[in-house]
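Participant: Using the hints, build the complex out of the two chains.
What follows is the residue order along each chain.
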Amino acid sequence: MNDITDLKADADLILSSSKSLKMSAQNGSISEYKVSSSQMLGIRVIKDGAVGISYTEAMDKDSLKFMVHQALQNAQSNEANPNEKILDLNGSLSDVASYPEVEVDINVKTKKALELESEVKARDSRVTAVPYNSYSENEFESLYLTSKGRFTNYNDKTYSITSSALLADQGKKAIYYDYCLAHTFNELQWSKVVETSLFHARNILGAKTLPTGKYHVRFSTDSLKDLIECFSNFYSAKSAMDKVNPWASKIGEQVISPDITLEDQPLYSDAYRTSLFDSEGVKRRALTMIKDGTLKSFLHNSVTANHFKTETTGHASRGASSSLNVSGTHFVVSGSNKRPLPPKYMEVIQMDGLHSGANRVTGNFSVAVKGYLWENGQKIMTFGNITLSGNLIELLKNVEVVGEKMEASTDLSFFSVPLMFNDLSIAGS
Amino acid sequence: MQLLQSHIAQDIIGHGLSMGADFVEIYIEKTQNEGFVFKNSRAEDTQSGIIFGIGIRLIYGEQALYGYTNSTDRDELLRITTLLGSRIGKETKTLASVNFEKLIYPKVPTITDREVDAKYKLSFLKKIDERLRADQKVSQVMLNYSKKKQLIEVYNSEGLSATEERPYIRLFHQIVMKDGNLQTEASFGPGAIGGWEFMENLKINENCEMLLKQANTTLYAPPCPAGKMPVIIDNGFGGVIFHEACGHLLETTSVEKKASVFWDKLGEKIAHSALSAVDDGTISGSWGSLSIDDEGMPTQKTNLIENGVLKRFISDRMGEIKTGHKRTGSARRQSYKFAPASRMRNTYIEKGPHELAELIASVANGLYAKKMGGGSVNPATGEFNFSVQEAYLIKDGKITTPVKGATLIGTGPDVMTKISMVGKNLELMAGMCGSVSGSIPTTVGQPCIKVDEILVGGEA
Chain U
1 MNDITDLKAD ADLILSSSKS LKMSAQNGSI SEYKVSSSQM LGIRVIKDGA VGISYTEAMD
61 KDSLKFMVHQ ALQNAQSNEA NPNEKILDLN GSLSDVASYP EVEVDINVKT KKALELESEV
121 KARDSRVTAV PYNSYSENEF ESLYLTSKGR FTNYNDKTYS ITSSALLADQ GKKAIYYDYC
181 LAHTFNELQW SKVVETSLFH ARNILGAKTL PTGKYHVRFS TDSLKDLIEC FSNFYSAKSA
241 MDKVNPWASK IGEQVISPDI TLEDQPLYSD AYRTSLFDSE GVKRRALTMI KDGTLKSFLH
301 NSVTANHFKT ETTGHASRGA SSSLNVSGTH FVVSGSNKRP LPPKYMEVIQ MDGLHSGANR
361 VTGNFSVAVK GYLWENGQKI MTFGNITLSG NLIELLKNVE VVGEKMEAST DLSFFSVPLM
421 FNDLSIAGS
Chain D
1 MQLLQSHIAQ DIIGHGLSMG ADFVEIYIEK TQNEGFVFKN SRAEDTQSGI IFGIGIRLIY
61 GEQALYGYTN STDRDELLRI TTLLGSRIGK ETKTLASVNF EKLIYPKVPT ITDREVDAKY
121 KLSFLKKIDE RLRADQKVSQ VMLNYSKKKQ LIEVYNSEGL SATEERPYIR LFHQIVMKDG
181 NLQTEASFGP GAIGGWEFME NLKINENCEM LLKQANTTLY APPCPAGKMP VIIDNGFGGV
241 IFHEACGHLL ETTSVEKKAS VFWDKLGEKI AHSALSAVDD GTISGSWGSL SIDDEGMPTQ
301 KTNLIENGVL KRFISDRMGE IKTGHKRTGS ARRQSYKFAP ASRMRNTYIE KGPHELAELI
361 ASVANGLYAK KMGGGSVNPA TGEFNFSVQE AYLIKDGKIT TPVKGATLIG TGPDVMTKIS
421 MVGKNLELMA GMCGSVSGSI PTTVGQPCIK VDEILVGGEA
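From first to last, the protein sequence lines are chains U and D. Last residue of the first sequence: number 429 in my numbering, and the count goes up by one each step with no gaps. Last residue of the second sequence: number 460 in my numbering, and the count goes up by one each step with no gaps.
Bound-form chain D, shown alone (with noise of 0.2 Å):
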């Protein structure tokens, strides 16, 4: 199914050119999604729709230059490219003409889909209702069931046509707790490129039990001691440490501001030697990855830090004309209505030679994070901080008391010198970014790690 008839799309590209652009390009998307919550134990806010919409960009030299509207229409889509170009005030040309050429690449697999009605869905969705409801301390259950189909083109004044379909599917599960004054909530979000057969393959006993787990542990947890002190961070969603405190400050689009305290840094030991990490956006099935990126380049694996050198950025066209770092199929948006910009897609801590076991053992003094939460930077400056989930407390190479509350404090370039080992055990995990150029899925990931020193904050 084509989204935009190629003929206009070689007008407004021709115009675009001859309104004195170096490149212009044109991403069309149409967007299905279907989701619901199944809260109260019954499906509730059952919806579905369509986005659509075209994003028009004209590069003169460094500046980039964006529009977009939902409309198909030939007229309209010509004055958008006119009120861009107009801005540029550059002497127009002979009107341009493209020749695309279609993109052939290989395609990242995908989960396999079935047809299922909308019956089988809730039966399915009722089974871990039920599961995580047989702890009587649960008080309410969300699963938050969601699906889409995005298909994208992109064509460009290189000549480049190219058309991809990315599936997604994701569910959210959020169980709150509560025993007399007490009360806490726990969440899992496991998701993937695919359909159906991702949700057949869940592990729901495992999930459901760990789920409980840790809001059972939260629950009568103590809050978390405040102060300074070394930290093993367990696997898969421990990575939002390294997504958070190093990845976002290795995107172009901080580099090329300047805005990342790395920018300078290719070469350089960025990190302790015991630590690798790349950005692969070719993962079989994972939630971040891409066949191409949104600019309609072939993603890859990139190599962002290997033994603690600095190897590579994650870069987009923009990055590339502004710093020369070569491009690495990292463009991504949450939707037509942003630009691209250099995004991480699956970023993980590459697995080390130790057992958890031995990180626990090193510490004298210090906190389990077992399973950590949310987190933000400020590329600029590197200052991160993330909240702990679920969280123990380590005496003489044991892990002792349950705490709650933890959260995590410092600065990139600080932390990435501190993680002394790494562990086996490396792990995926799904997760939502936000940044320039809005919230895309991406995964993050790591073997267990530990920091030699990080300030937590809890109870003073």
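Chain U extracted, bound-state conformation (with noise of 0.2 Å):
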């Protein structure tokens, strides 16, 4: 750093450091053992109002020397960017976690993670293989330090399990997997992502398709997030500012259904973990993006802010060997006007391809999806082979509140009331 000020440039060091322990079963054995340790620095650097980045994972003299030269040379490339500057706050910031941790003998991770696959097959004589299943700890630390002497910590301790259940039977197969995050080894529900995994596929064992047609749709909680995620660069002042954004003029305009408010909730209680600074040291505070349907803010960084003449809503987001973009933390979808459930509705538990086939410019998609179909509160049939498709936009303006109690997704990093939307496109038989 003291370089970098030397040129009368500004800059900020990102050092990410990460330990990590996995292992997988098959047929009765350990089959994989994973550990590591690794570390990564990262550059910023901004010189005569341009900006260069540079990284590394080589750790001696030379090579981060190299790393500040290339990072320099960068910023020559680049035209100066008025609105990108190191931020000028100073002082430190800490976010480090700290969990009851009992200290957990090896082999009893072992017993443990072998019966992600056993309790799979002893439960159910169709079951051909676990081909999904795995134990795994993750420690990360993050440094972040700015030439205007800001200086944040953070820091995080991960456990998480995976099983699935691969089953056949005449003829047919079907897979369901699940997982499960916690922050103690004791918190980790080995049971439920057994059974989970069990009980859905065992389901779409027997699933069947459904004619084509106009479905009301409600998606599990998980497959929500998915979609809303899928689509963030609609909520992104990063998107708008790349004129990628199709609500990039919509602020203070209704873009969506009246009865729903969608927030960013960096600290909110229910959260796996909350967060209290942004990737420029910035506080992270709760932002209404979407207030009864009409469009608020969109999530900005100190860049998109100055490009916006607004201020930064402390969303910004950077990794070592990354530039500076914007994320949101925790998405909270509340509502208001619950209406009572429609007599015949899709419950959408899985959707595969979304990364494909979603367009993030115009808000097309379209999936392949299982699940349930429910008629008069009774689970009829499960459904497979169907695609779905839609638009987001459209979707979220056609969309009705269905319940009061917020419902969370499994890693615990989005929230929403039961919603259910009307008249989705089904193709199938």
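Hints are computed from structural coordinates only; laboratory data are not their basis. Since the structure is predicted, the reported quantities are computational estimates derived from the model, not experimental observations.
Under the rule of at most 30 Å between Cα atoms (straight-line distance), these lysine-lysine pairs were calculated in the DSSO-like manner:
#1 U/K22 <-> D/K322
#2 D/K126 <-> D/K149
#3 D/K228 <-> U/K344
Facilitator: Structure, rendered in structure tokens:
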């Protein structure tokens, strides 16, 4: 940092480091065991108004000097951007996780990891394999330092387990998998992961197609999270600045149903991990993006805020090797004007192909879905081999609130009241 | 340039063997990345960096243990080896010694590089930007230029010492087009192993016209009708259907877990007799090519399917240990942070006898998928889905109305038997493939093909 300031440049540094352990089972023994430790140092230099980024995983003195040299050279290749500056913040912020950890013997972990396969196999003779199963521990730390004197420190530790059930019967195959995240080993829900995988796989084995037509659709909270987050450019000031946000000129306009409010809540109490500051060292706060259907604000970092002549909302995101972007923390969908459930609707529990079947500029999407058909409060069949198509903007205009209790995604990063989407196109038989 | 001193590699491998491992391997990687995005008619996000790390793999029978670190320190590498070996708890043996022999192998030709300064690169991309913005409806152009040089070394307990330098270059084009409330995008991402000459050889005008035509077509197109129908999938990126619907199911990574519907079908007819397909790591300059794989084995051309019959799986060392299917030089990984796995390289359907017009003429009511988008597959069930970026309806053997928003879904075993006609116009296209060992450069390809029936997702 001293080398940079000597050149009358500004900079910020990110040092990220991680340690992990992962094991998975196959045919009753641990088939994969992986341990790791790695770190990366990244620098963003602003010299004469132009930005250059460089990073390294080699930490010897020569590599660090080369990194600084590269960042300065990259800055020379760019035109000056008056909107991008290192923020004039100083002082320290710390967001260090502290959980009541109990030492767990590696043999206990191994035994439990093996059970992620054996328990699934033991509970149903139609299980042919448990292709995805794993136990993981990940420790992550990120240090941030700017030439203006801002220092932040973030760390976290996560335990996770995954299991799956691949069932075969009478020429049909079905698979489902589930996972669980926890801050401590003892919070992991081993049985839930096994039982959920088996429960849905058994049902999907008997799935049938549905006639092509329009249906009312209720997404599982995980599926709804995937859908809403897939189109995160709609809420991003960076996308608006880059002209790839269809809502770029819609601030103050009603863009979706007046029954719906969408917020980003970094400190949401039910979230897996709260977030105290962003990647520019700005303290986070809750932000209402859409209030009663009206677009109120985008997620901003300091660059987008300068561009749009507003203030950062504390949503800067940047990794050691990437440029400055914006991202949300925990999206919370709330609503009003609760309606009754329609007599017949689809409940989508699995959605495949969103990464390729979604057009982030238009909002159009088309995905393969599986789930349950409900009629008069009864689950009457499991469906599969169908596609669901729509447009996110139209979908959010034609949505009704059908419950009050907030529901959470499995990773506790997305929260929503129960919603019903009307007249979505299904292609099936 | 040596990334890890061979005497340290000897010590680590010897230590792993002394802990009872059947096989020990060290993978060292140093990758120099550079790139920028040309956006808003200027360079943004210029960045460069170095990825460096070492992966150590110990194999005991059918168990693989893997660890990695950024450190070249002997003691740290020994610590990781001990940590891995101690999990198995085998009796330690006398410290074994290994003598390395440098692997000599045929090099897959790469496209020539030459030094070009930043100003020249920017002026080159500016020309493309201007050409695309000549259409007044284009509201944004994003040209993502990336180049990397990956240097790898592999040492193993069989005495292998191998090294390869792999240069990659790619230019991803994306445009956004707007007319009133209508908006659409189109993209294209050619890439190769090699250097700047690849950029100079790009057919800029042709590529720009293709992108603009695609965007202009989809901007005004009505939604695609839904339902089962015959589909003609054109060449090039159309090959993503074989990659997803069949290729992933032929990787021993899935086969070894019986998580592939084809795991027990070797020698059986799994596709229409019109279809033959290969996975070839040796194509000159091609984005998915390698001279040696990430286990240090020279790559090869692997005939996967001949006239509909499954001939070979795509295999790596663990795949061979677990399934008996011989290695095919297909062990690949994104970086040292991943253990190698059997992965595709340049995978394509071979040429057939037909013209595109013959395929179109054979369809009464169906869809012509001129350009495919991405897709995904669940190898365990064979279920896949793909998006179509540019599509037209076919009526009475003729291409008619453009449509947007189509997706294709089905299962690999089913669709492979329904590819009944294969064209002559084979073309390969660069892409990125994500799977167990990370995101890697792969090439997909095919001539035009006819699928007799597939479920098309669209508007009901």
